[in-house]
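Chains as they are written, first to last, in the working numbering: chain A, 1 to 319; chain B, 320 to 827.
In short, the hints are calculated from the structure, not lab data.
Heads up, some of the hints might be wrong.
Below, a sample of chain B positions facing chain A; criterion: calculated Cβ distance under 10 Å [stated by the list, open to error]:
id	residue
1	F463
2	A466
3	L505
4	D506
5	K507
6	T509
7	M511
8	H520
9	L521
10	L642
11	G643
12	E671
13	P673
14	G739
15	A774
16	V776
Stretch-level coverage of chain A by chain B, calculated; a stretch enters the list once three of its residues show a Cβ under 8 Å from a Cβ in chain B [unchecked claim]:
id	region
17	151-162
18	168-180
Quick reminder that beta carbons are idealized off the backbone N, C-alpha and C, glycines included.
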Amino acid sequence: MKQWTRAAAAALLMTVAVPATAAECIAPANPGGGWDFTCRQIGRIMTELGLVPNMVQVTNLAGAGGGVAYTQVVSNRSEDPEVFVAASSSTTTRLAQNAFAGATADEVRWVGSIGGDPGVIVVAQDSPYQNLTDLVEAVKADPSSVAFAGGSAVGGFDHLKVLRMLDASGFEDLRQVKYIGLDGGADAITQTVGGFAQAMTGDLSEITGFIKSGDVRPIAVLSEERAEGFEDVPTAKEQGIDTVSMNWRGIYVPKDISDERYQEWVDMLQQVGESEEWQQVMTENGLEPYSVFGEDFQTFVNEDIAETQEISREIGLIQ
Amino acid sequence: METLSNLAMGFSTALTFYTLILAIIGCFVGTIIGALPGLGPSNGVALLIPISFSMGLDAISALVLLTSVYYGAMYGGRISSILLNIPGDEPAMMTTLDGYPMARQGKAAEALVVSGVASFVGALLATIGLMIFAPYLARVAYQFGPAEYFALYMLAFCTLGGIGSSNQAKAAMAAAIGLGIAMIGLDKTTGMPRFTFGELHLMDGVDFLVAIVGLFAVAEVFFFIESHGKDSAIGVKLGKILVPWKMLRQTTGAMLRGTGIGFVAGVLPGAGASLGSFLAYMGEKSIAKDKSTFGKGNPKGVAAPEAGNNAAAGGALVPMLTLGVPGSGTTAVLLALLLTLNITPGPLLFAERPEVVWSLIASLLVANVVLLLMNVPMVKIFVKILSVPAWVLLPGVTMIAFVGIYSLTGSSFDMLMMVGFGVLGYVMRKLNIPTVPVILGILLGNAMEDNLRRAMVLSNGDFWYLLSSPIAVGLWIAAILGFVAPIFLRRLLKKPPVPTHDPSLNED
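Sequences and hints are given; from them, build the entire structure.
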C-alpha cells in the first residue's frame with residue numbers, strides 16, 4: 001500500500017514529495033476509517049507541534065480487523081523505535097477474543113488514549129421505551145421481545161456495550177439477548193427506524209445526525225459525564241446502571257523499544273492530547289476527552305480485556 | 320424552483336477553472352483505473368484519498384476530484400471488458416457477455432461507443448434522479464429489513480440460470496461454488512472464523528477483486544499459454560470507427576430500462592452497482608424478442624448493463640448522502656472521505672451543508688459531460704492501447720493484475736490466491752461452466768447470509784418471517800417466476816433450441 005501510494009502519487013501528480021524516513025504511523029485499516037483518522041490527525045498535530053523532525057508517514061495496513069498490522073508489528077518490527085500504531089476499543093476487544101491468531105496484549109506496549117467516542121443507546125422516535133429502565137425491564141421480562149441492532153459483528157464492541165450494560169443491570173442470562181450486527185452504525189439505525197430492531201447501540205458521533213433530525217431518540221449515553229451538545233441525555237449511571245463504554249482512540253508501540261523511547265512516546269502523545277489542535281479535532285468529530293497514559297493505560301487495557309473475556313465466555317464466544 | 324437555484328449555486332462552485340481541471344484529471348485517471356483489471360472504482364478512490372490530502376485540497380475540491388474518479392472508473396471498466404474479456408471492475412462483469420463477442424466480430428468501436436453513451440445516459444438520469452428524489456428516496460431504505468433484503472438477493476440468484484450459459488445446472492453449480500467461497504472468513508452472526516485454518520489473511524474472507532482478476536485475467540493468460548496465442552482472446556479486429564447512430568437508436572429503450580433498474584438497485588443500500596448491472600441485463604434479456612442473440616454480441620446486452628451500473632453508481636449516492644449508509648464499495652470509501660473532511664452524511668446533510676451536496680451534484684454532472692466527451696472521440700486511442708500485439712499486452716495485463724491485487728492488502732497471500740482462482744477459471748472454462756455466477760456468489764453471498772441470519776434472530780427462528788411483508792412477498796414471487804418460468808416457456812416454445820456452439824465465442 002505504501003509503495004503503491006508513493007508510486008501513484010509520484011506518477012500521477014509529481015507534486016507530492018515523499019517524506020524522508022521519520023516517524024511512521026500504521027493505520028490497521030484502509031484510508032478513511034477511524035484508525036486512519038487517528039493516524040492522520042495525531043501525525044499532523046505531532047508535526048505542527050514540532051515533536052517530530054519530519055512529517056509523520058501514514059501507512060495503511062488493513063486486514064483481519066487490525067490483526068495483520070498487529071502480528072506484523074509483533075513479529076517483524078518489535079524493535080522499531082519510529083513506529084506507532086493506531087488502536088481503539090476494537091483492538092482490545094479482538095485481542096480479548098483471541099482474534100489475532102494467538103497474539104496477546106502483552107506483546108506490544110500501550111502508550112495511551114487521548115479521546116473517546118461515548119457509546120449511546122437509542123430507540124425509534126415512536127418507541128414505547130422512554131428511558132433505559134423501561135428498556136432493561138422489557139428485556140428482563142422477555143429477552144426475545146427486544147432486538148438490539150449495532151454496527152459491529154456479534155462479539156464486537158457495539159454488541160459488548162449492550163451486554164455490559166445488561167450485565168451491570170443484574171440481567172443474568174446474556175445468551176438470551178437478541179442482537180443483530182449490521183455494517184456500520186448508520187445501517188443499524190435504518191433497521192431501528194424501520195422497526196425491525198427495537199433499540200440500537202453505537203458510537204455517539206455516528207448517530208448525531210439522526211438524533212438531531214429526530215429520527216431516533218437517545219435514552220442513555222454510556223459515559224462518565226453527560227456528553228457535550230447532548231446535555232439533556234442522561235448517562236446510564238444516572239439511571240442506576242453502572243456501566244461506561246467509551247470507544248477510545250489511542251496508540252500502541254512495539255514491545256522491544258527502550259524504556260526511554262516508550263516514555264518519549266507517552267510524553268509526545270500527552271502533548272498532542274493537550275494541544276488546542278486536538279481539542280478542535282475532538283469538537284469537530286464528536287469525541288469526548290478520554291485521557292489515560294503510560295502505566296495507567298497498560299492497566300486499563302488489561303482490565304478491559306479481562307472484562308471482555310468474561311462476557312465473551314458467558315455468551316460462548318470463547319472457551 | 321428551489322432545486323434549480325440550489326443547482327445554480329452548486330455550479331457556481333463546481334465550474335471554476337480550478338475545479339474543472341480537477342474534474343478533467345479525475346475523469347482521465349478514473350477511466351484508466353477503471354480500465355485496468357483489478358483496480359476498480361473503490362480502490363481508485365481509496366488510492367487517491369491520501370493524495371488529495373497531501374495536495375491540501377479543500378472539501379469541495381477533494382469531492383470533485385474523487386467523484387470524477389468514481390464516475391470515470393465506472394466508465395472505464397467497460398473498456399477492458401469489451402476489448403479483452405476481462406472486466407476492469409466488478410460492475411463491468413456483465414458487459415463482457417455481449418461486449419466481447421461484439422469486439423470479436425470487428426465491432427469493438429461500436430460496442431465502446433454504445434456503452435459509452437449508455438454510461439452517459441445512465442449516469443445523467445441517475446444524477447437528475449438523485450437531485451430530485453434524494454430526500455424522499457431515503458425513506459425507502461427504512462422499508463427494507465433483513466427479510467426484504469434476503470428476498471432481493473434470492474431474486475438475483477434465481478434469475479442467474481438464464482445468463483450466459485445454456486445450461487442452468489452448470490450456472491447453479493457455479494453459483495454454489497461462489498456461495499461456498501463467500502463463507503470463508505469471520506461469521507458475522509457468531510463472530511467465529513470459518514474455513515480460515517488459522518490464517519489471518521482469510522479472516523476478512525476472499526476479496527471479490529482477487530476472484531475477478533483471477534477468474535478472468537489470469538485464466539486468460541493460461542489460455543494464451545495453452546494456445547500459444549493463436550486462439551487467445553487478445554487481439555480484437557478493428558473496424559472503422561464511426562458513430563453507429565442506428566445502433567444507438569435501437570438500444571435507446573435498453574438504456575432507459577437499464578437506467579431505471581440500475582437506479583433502484585443503487586438506492587437500496589447493500590445492493591450496489593454489480594446487482595444493478597446484473598438485473599438490468601437480466602431484465603433486458605427477458606423482454607427481448609431475440610433472446611438467442613444475447614451473449615453473442617447483441618448491442619442491447621452492452622447498453623443495458625452499462626446504463627444499469629452507472630445509474631446504480633448515482634443511485635448509491637442517495638442512501639450514502641441522506642442516511643450515511645453506503646450502497647456499494649465505492650460509496651463506502653466516499654463516505655469515509657466525507658467523514659474525514661468533517662462532513663457527516665445523514666438526514667441533516669441536505670439542510671445543514673447544502674453547499675457541499677449541491678456542488679457534489681453539480682460536479683457529478685460536469686464529470687459526466689467531460690467523460691462523454693473524453694470517451695467517445697477517444698475510443699480510437701483506447702482501442703489502440705489495447706490492440707498492441709498480444710505478446711506485449713498480456714505480460715502487461717499480468718503485471719497490472721499482480722500490482723493491483725498487491726495494492727489491495729500488500730500481502731503476497733492474495734496474489735497466490737489470485738493464481739489459484741486463475742486455475743479454477745481455466746478449468747471451469749474448459750468444462751464450459753460460466754464464471755460470472757461464481758463472482759456473484761462471492762459478491763452477494765455474505766450479505767445474503769447475514770440477512771437470513773438476522774431475520775432468524777429477529778423472528779426467534781420462525782421462517783415465515785421471511786414472507787412477513789408485501790415487499791418481501793413480491794420479491795419472492797418474482798424470484799420464483801424468474802427461476803421456473805424459463806423451464807415452462809422452453810417447453811411451450813415447440814422444441815428447445817439446440818445451443819449452437821460457436822468455438823470463437825466463449826460461453827461465459
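Comparing the hints with the structure gives:
Taking 10 Å as the C-beta contact cut-off toward chain A, the hint placing F463/B at the interface holds, the least distance being around 7 Å. Using the Cβ-Cβ criterion of 10 Å, the hint placing A466/B at the interface with chain A is satisfied: the shortest such distance is roughly 8 Å. For the restraint placing L505/B at the interface with chain A, the shortest Cβ-Cβ distance is roughly 7 Å, inside the 10 Å limit, so the hint holds. Taking 10 Å as the C-beta cut-off, the interface hint given for D506/B holds, the closest approach to chain A being about 8 Å.
Hint status for K507/B: holds, given a least beta-carbon distance of 4 Å to chain A, under 10 Å. Hint on T509/B holds. Least Cβ distance to chain A is approximately 6 Å, under the 10 Å limit. Nearest Cβ of chain A to the Cβ of M511/B: about 8 Å, under the 10 Å cut. The hint holds. Against a cut-off of 10 Å between C-beta atoms, the interface hint on H520/B holds, since the closest Cβ of chain A lies about 6 Å away.
This hint holds: L521/B has a C-beta 8 Å from the nearest C-beta of chain A, less than the 10 Å allowed. Of the supplied interface hints, the one on L642/B holds, with its beta-carbon coming within about 6 Å of a beta-carbon of chain A, less than 10 Å. Checking G643/B against chain A by beta carbon gives a least distance of about 4 Å; that is within 10 Å, so the hint holds. A cut of 10 Å between beta carbons decides the hint on E671/B: the least distance to chain A is about 8 Å, and the hint holds.
Taking 10 Å as the C-beta cut-off, the interface hint given for P673/B is violated, the closest approach to chain A being about 15 Å. Interface hint status for G739/B: violated, as the beta-carbon distance to the closest one in chain A is roughly 18 Å, over 10 Å. For the restraint placing A774/B at the interface with chain A, the shortest Cβ-Cβ distance is roughly 9 Å, inside the 10 Å limit, so the hint holds. The criterion of a C-beta within 10 Å of any C-beta in chain A is met by V776/B, whose closest approach is roughly 5 Å, and the hint holds.
As drawn, the region 151-162 of chain A meets chain B at 4 residues by the rule of a beta-carbon pair under 8 Å; at three or more, the given contact holds. For the region 168-180 of chain A, the proposed coverage by chain B is satisfied: 3 residues have a C-beta within less than 8 Å of a C-beta in that chain, meeting the threshold of three.
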